[in-house]
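So the protein lines, in turn, are chains A and B. In this text, residue positions in the first sequence follow numbering that gives the first Met the number 0: the first is 0, and each later residue adds one. In this text, residue positions in the second sequence follow numbering that gives the first Met the number 0: the first is 0, and each later residue adds one.
Derived from the structure by calculation, the hints contain no laboratory data. Among the hints, a few may not be true.
Repeated chains share a single entry, so a pair holds when one copy, or any two copies, can fit it.
Distance condition first, Cα-Cα at most 20 angstroms in a straight line; then the derived EDC-like pairs of lysine to aspartate or glutamate [what the hints assert, rightly or not]: (1) Lys-213 to Glu-69; (2) Lys-26 to Glu-364; (3) Lys-383 to Glu-334; (4) Lys-26 to Asp-39.
Single-letter residue listing:
Protein chains: 2
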Amino acid sequence: MDSIKIIQGGVTAAKGFFAAGVEAGIKYENRKDMALIYSDSPCRVAGTFTSNLVKAACVLWDQEVVENVEYAQAVVVNSGVANACTGSQGYEYCEQTAVKMAEAFSIDQDAVLIASTGVIGKQLPMDRIKIGIDKLALAKENTIEAGANAAEAIMTTDTHSKQFAVEFELDGKKVTLGGMCKGSGMIHPNMCTMLGFLTTDLSISKELLKEALKLDVVDTYNMVSVDGDTSTNDTLLILANGEAGNEEITSKNYAYEVFCKALNMVNTELAKQMAGDGEGATALFETKVIHAKTKEQARVLAKSVICSSLTKAAIFGHDANWGRILCAMGYSGAEFNPDYMDLYFQGKSGTILIFRDGVATDYSEEEASKILSDSQVTVLVDLKEGTCEAAAWGCDLSYDYVKINADYRS
Amino acid sequence: MDSIKIIQGGVTAAKGFFAAGVEAGIKYENRKDMALIYSDSPCRVAGTFTSNLVKAACVLWDQEVVENVEYAQAVVVNSGVANACTGSQGYEYCEQTAVKMAEAFSIDQDAVLIASTGVIGKQLPMDRIKIGIDKLALAKENTIEAGANAAEAIMTTDTHSKQFAVEFELDGKKVTLGGMCKGSGMIHPNMCTMLGFLTTDLSISKELLKEALKLDVVDTYNMVSVDGDTSTNDTLLILANGEAGNEEITSKNYAYEVFCKALNMVNTELAKQMAGDGEGATALFETKVIHAKTKEQARVLAKSVICSSLTKAAIFGHDANWGRILCAMGYSGAEFNPDYMDLYFQGKSGTILIFRDGVATDYSEEEASKILSDSQVTVLVDLKEGTCEAAAWGCDLSYDYVKINADYRS
Chain A
0 MDSIKIIQGG VTAAKGFFAA GVEAGIKYEN RKDMALIYSD SPCRVAGTFT
50 SNLVKAACVL WDQEVVENVE YAQAVVVNSG VANACTGSQG YEYCEQTAVK
100 MAEAFSIDQD AVLIASTGVI GKQLPMDRIK IGIDKLALAK ENTIEAGANA
150 AEAIMTTDTH SKQFAVEFEL DGKKVTLGGM CKGSGMIHPN MCTMLGFLTT
200 DLSISKELLK EALKLDVVDT YNMVSVDGDT STNDTLLILA NGEAGNEEIT
250 SKNYAYEVFC KALNMVNTEL AKQMAGDGEG ATALFETKVI HAKTKEQARV
300 LAKSVICSSL TKAAIFGHDA NWGRILCAMG YSGAEFNPDY MDLYFQGKSG
350 TILIFRDGVA TDYSEEEASK ILSDSQVTVL VDLKEGTCEA AAWGCDLSYD
400 YVKINADYRS
Chain B
0 MDSIKIIQGG VTAAKGFFAA GVEAGIKYEN RKDMALIYSD SPCRVAGTFT
50 SNLVKAACVL WDQEVVENVE YAQAVVVNSG VANACTGSQG YEYCEQTAVK
100 MAEAFSIDQD AVLIASTGVI GKQLPMDRIK IGIDKLALAK ENTIEAGANA
150 AEAIMTTDTH SKQFAVEFEL DGKKVTLGGM CKGSGMIHPN MCTMLGFLTT
200 DLSISKELLK EALKLDVVDT YNMVSVDGDT STNDTLLILA NGEAGNEEIT
250 SKNYAYEVFC KALNMVNTEL AKQMAGDGEG ATALFETKVI HAKTKEQARV
300 LAKSVICSSL TKAAIFGHDA NWGRILCAMG YSGAEFNPDY MDLYFQGKSG
350 TILIFRDGVA TDYSEEEASK ILSDSQVTVL VDLKEGTCEA AAWGCDLSYD
400 YVKINADYRS
């Protein structure tokens, strides 16, 4: 596979993409809470959205746009208010937002995508949203800083912003793919993450952009959980403006494969950043299941472990309570034989074998506890049954998760 | 329906049942950690067990006994060590326990049922178990106190013991049904509760005892969740020794209906006691879904709400964050129309309408917060779709849940 290089930046890394992040006073004081992504060139667009039956108004809006338009040009995002459970008024506010965006950027209304994150059940303060859009129009730049501002503006209880970008070559042209996302709480994506935005200057057909994104989320964002609560607002969008100048990808050729590989790198990195910054988290908690019979078996087992409240609390306590891991695998619904499997803990400080062929090893609790004190902890499960594998990402369960969520609205 | 009267006591309430709770030093110091239930008369027995693929050795043992024997006479329980993930040695220890019980009580080995609860992955200290059995044989009594001692001895992180008993008349004979259970953590039963034991002097066929129990757990223990972790040890047993002298129930007659009603009362009460004493809980958190199209729809929606970490944290914070409840209903997998439903909070201090026909009411946050400060909080969801209903029970998510589970083993 062609070499894919990690570079600085996020949504403005790719050619022709502008961004901005401004203070609009939606809910928070003295912080950026509205973000923009914009491209002068029309973009192919694809998206995946929450599977929650209760969908935010902006999710319904975006689903229409992604399904029906050939090209999009702008994404506008606010944090603080989710515009979910807001009835017909909530949807009208999406229309008003699109109208205002169309005016401010001289683009079509249906080239505008909208995303919101925050408290459910409150209506958007439309006067502030409209003023915010004017500010975004003034502030937009195609710089690294502008991308960073946008990544900051979409945060809620996130403790840091999340960006990642890569570049690779196709037909002798440099292609760039970058993105940003936010996560933190109500994170258990079942189509895609809470909010994620990818931009690329790749030239690709709408169908293949859609297919590549849909397949990739299965092994990236859909393998993340912070608290088992699938949000009403989960949205992942990708915009491709074609400015790299490669020959348009219209079949599953070599260029398509390279793009899929780059997409997987960016999505995996953003998914891990999101998991590691889960509400109250002190560690990124990864589970890898290897030598499984099927990919689906590996996915179900890995995800069950990172979703277990008891296991997550044990990780927070640096306690090698491996019984809870076996328990979580056992109730996952996937078949496996606990009598033949091995289980390891891995951290930056080393790897330790805990359980071999169905029986606990004579491991050192002290050494295990040291590994579990790392900021990234991996549970490695070797099923010894086949050749498939999967990884899932979550975080530990801490006092701060409870604190943040006991008084989130106050 | 005949009147069913609540009475004092638990597993010794019914005629002919003895119990004991003693200190055996399995894991804890200075507390009772082995329990006995015993009947001189042979008992019809039925049980439901964890659906976890990783089953404790004692679960495998009991499944054999319940399936194959006509009568049982004794249940021996230890807390502190779960005898799960202990391989073939764990099962041998069950055999040794049954042999020792058979000697001490002059009964058949296969009339002995065994249950364990505690840390996964440790072997039972068999020397202490055997000494404990001798102590149980000396201590057994058919008194209320002996039943209370047994209920104490099965506790792990439970903060209080859980018992309940009722009596009713059949054929002019008094019939008694009592029980005890323990819960606290790793509670998300998917066949029955962590550990529950029911005794009755009813005369009933094995088939009908089994059927009544199997049906009843669906709406009682299976509607409880503390943390979403289905244990490796879930076990619910019922022993019926026939000493009440009623005509043996062998068909689904009126007497069977009365018994099912009594069984549901006892199981519902024990299930609620377990939920309200979940690890770290400050409140019993109930969700009732009414006017649903189907029973299953009501069950799925109610259970999804009481399982939501975000909703549980909001209850802990006395925060009327109803959007999280709608979110949890939305990702449950059950169909419903959020635009036609109503949602109330109920506590001892009153009832408040929060959400009507898809839109938030102009409720008082202060009044809602007061209701959410009660020790029992109910979310009442009116779907306005049909005539079915269901309830589910959990608890709030507190700092103490994290504390208890971050250092459970140390």
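Results for each hint:
1. For a Cα distance limit of 20 angstroms, the shortest separation of Lys-213 from Glu-69 inside one copy, 18 angstroms, qualifies, whereas the shortest one across copies, 56 angstroms, does not.
2. Taking CA atoms no more than 20 angstroms apart as the test, Lys-26 paired with Glu-364 passes between copies only; the shortest distance there is 18 angstroms, against 46 angstroms inside one copy.
3. In this assembly of identical chains, the alpha carbons of Lys-383 and Glu-334 lie at most 20 angstroms apart only when taken from the same copy (13 angstroms versus 40 angstroms across copies).
4. In this assembly of identical chains, Lys-26 and Asp-39 lie within 20 angstroms of each other by CA distance neither inside one copy nor across copies; the values are 30 angstroms within and 69 angstroms between.
Hint 4 from the earlier list is the only one contradicted by this structure; the remaining hints agree with it.
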